[in-house]
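A.B. asks: Each protein sequence line maps, in turn, to chains A and B.
Mapping to full-length UniProt numbering: the first sequence position 312 is 312, numbers consecutive.
Mapping to full-length UniProt numbering: the second sequence position 273 is 273, numbers consecutive.
Derived by calculation from the structure, the hints in this document are not laboratory data.
Take these hints with a grain of salt, some might be off.
Same chains, same names: a pair is fine if it fits in one copy or spans any two.
Said to hold, decoys possible - Here are the simulated lysine-lysine pairs, BS3-like style, with alpha carbons at most 25 Å apart:
no.: 1; residue 1: Lys261; residue 2: Lys30
no.: 2; residue 1: Lys187; residue 2: Lys171
no.: 3; residue 1: Lys255; residue 2: Lys55
no.: 4; residue 1: Lys361; residue 2: Lys334
no.: 5; residue 1: Lys187; residue 2: Lys361
no.: 6; residue 1: Lys261; residue 2: Lys32
no.: 7; residue 1: Lys55; residue 2: Lys261
no.: 8; residue 1: Lys361; residue 2: Lys328
no.: 9; residue 1: Lys32; residue 2: Lys250
2 protein chains.
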Amino acid sequence: MKRRSFLIKSAGVGLASVAAAPAVAQTAQKVKWRMSAGWPKNLDAIYGSAENMCKRIGQLTEGKFQIDVFQTGEIVPYSQNMDAVSNGTVECNHVLSTAFIGKNPALAFDTGLSFGMNARQHYSWLHYGGGMDLLREMYAKSNIVNFACGNVGVQMGGWFRKEIKSLADFKGLKMRIGGIGGMVLLKMGAIAQQIAPGDIYASLEKGTIDAAEWIGPYDDEKLGLNKVAPYYYTPGWFEGSAALTSMVNKAAWEKLPDTFKIAFETASNEQYMACLAHYDALNPKALRELIAQGAKLSLFPKDVMEAAYQASQALWDELAGKNADFAKIYPQWKAYQKDQAAWFRVAESPLDNFTFRQLNKDQ
Amino acid sequence: MKRRSFLIKSAGVGLASVAAAPAVAQTAQKVKWRMSAGWPKNLDAIYGSAENMCKRIGQLTEGKFQIDVFQTGEIVPYSQNMDAVSNGTVECNHVLSTAFIGKNPALAFDTGLSFGMNARQHYSWLHYGGGMDLLREMYAKSNIVNFACGNVGVQMGGWFRKEIKSLADFKGLKMRIGGIGGMVLLKMGAIAQQIAPGDIYASLEKGTIDAAEWIGPYDDEKLGLNKVAPYYYTPGWFEGSAALTSMVNKAAWEKLPDTFKIAFETASNEQYMACLAHYDALNPKALRELIAQGAKLSLFPKDVMEAAYQASQALWDELAGKNADFAKIYPQWKAYQKDQAAWFRVAESPLDNFTFRQLNKDQ
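If we strip away everything but chain A, and leave its shape as in the complex, we get (with noise of 0.2 Å):
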């Protein structure tokens, strides 16, 4: 009860706020917003580059469209972010959307998939290969217009308490883990948990789970899982990059004057390789303290890889089965992603392969 009152309260300051604008002279009218997003204020790189968008956004009109960022809970919890704009409680927040896939699992293809596309890869489908069309068709039901603005690259596999040695040792192991990795797991005959990140620790430390993954090294670090968990593993495929996105409602982003929107679309597209590239500048350095505190670095098996890529299609396949909006975008989805890898397999990755390799061999 009290939720619902504090939410309808909510959406009324939001419109509000947007209907007092004079439809008049667009360049004198003033717009605030509120965003909410989906982590607490500690997580700084992420948290920041929302701030960051938000703040070329005001840099770009002048201060006349300010959106302010509040961290995760102090309007909702994380699970009712695409609700809440939904309802025009808050005009936009910024989630990954992969934690929405209990509403729709299509909308995994907006973070990402297993063994996915990477984060270049990505943002060219979305912007260059027909994927936003696909995505914004999809979100228009749930009076959403959705915004690719930032990525956090592939993730790490996760803390572990015990050597994973080949796939055997993914039988019954419970693991925390978010978004359609989860589903993943659970073909892989693991059990998949959701915990609240402040949980995991003691999680992990009593044993009540086995496994947990976090995000990226920068991130990890913070939550000192290698004192209870010291086997840490890679790559994350859950997500082959994990695209963030600014969610907006959609009344409210139709009475926007076009020059806002124009600096709302541009931060964003701005935020997604600024974030990507802040998480390249602070993952190195945290991935050599974890080690140097003891978190043993592994590569997962090959069977383990395997598995978990064979899941991951016969998942895909199992979803398309059933809902329309991942039927409808899975194929293309699925052929452009082989069109990315049969490219980047001719000049990228031979390149990078090789440089790192030798850079590796001068340290």
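With the hints as your guide, set chain B onto chain A.
C.D. replies: Just chain B, lined up with the frame of chain A:
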């Protein structure tokens, strides 16, 4: 003589349009600039990226900051694009800085060095690793403020009339190549030549040169080089990625209202990824078509890659020994690259390599 008087006249026009703007009401001010692109219009991806950037700047400023793009040769030939910005003939350009290494080899850090950072790492170095500050300091001496406004990714290694079986085949090889890669080739015993794009086909056909690198499949296809030099080698190690630069005349920049500066910077950052993603969308199909037309795609032999890598490292040491800018930037850049390589080997590359291999098997 004609050239000189044209330059002076252009400079006058450019500066007048800025000086005439009122200093008081920044939002009412209108500014019109010229951007001299290093490309003909028919290189539509790269030229289009310059146009998209300027279009975005227009949209962000409600048409008040208008930048018209001119194709190569319309205002000045490519080789004079840096001088043209330095002396105010044009307010800005759209180029690969590596074209101007004759003035200062350290300009190569802006486009990217042979076996240098990939497109994503380069952006991280620029914006989160101190790279932009180092480049700005260097450019300031030429009266220029620089922006990274695009990237074409790893290029192809070029078209060869004969098969390259080993490093020995590079001895005496006459190759058309731009940028710092030409200096590396010299160390490998080859002969680097500068030939205008329009003359590459005839030079290969006649045998005046043995090989030529241009850009990547999409742009290469337009030159039809597969008909006269069927061996298509990869990867283009000459630059780990090739970042595009917009150099801006410092005086013109300083006269801009803050909002226009922000619009320019944001549109430039947006295009960095947009240009790259657009090329990724275009290259796969072009490569397939080239192969269908007879291009014989091969990886450079291992000894060629290793010799090119060693020659590159030797060249950087030499250049650092005789050029103050190179000496200042190189150690900082190299340390950042090593960190990035170590990090990419942990998460990004293992997942990319695994996924690309699997997708290739599936096809």
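A.B. asks: Hint compliance check: list the failing hint numbers for this structure, sorted ascending.
C.D. replies: Per hint list: zero violations.
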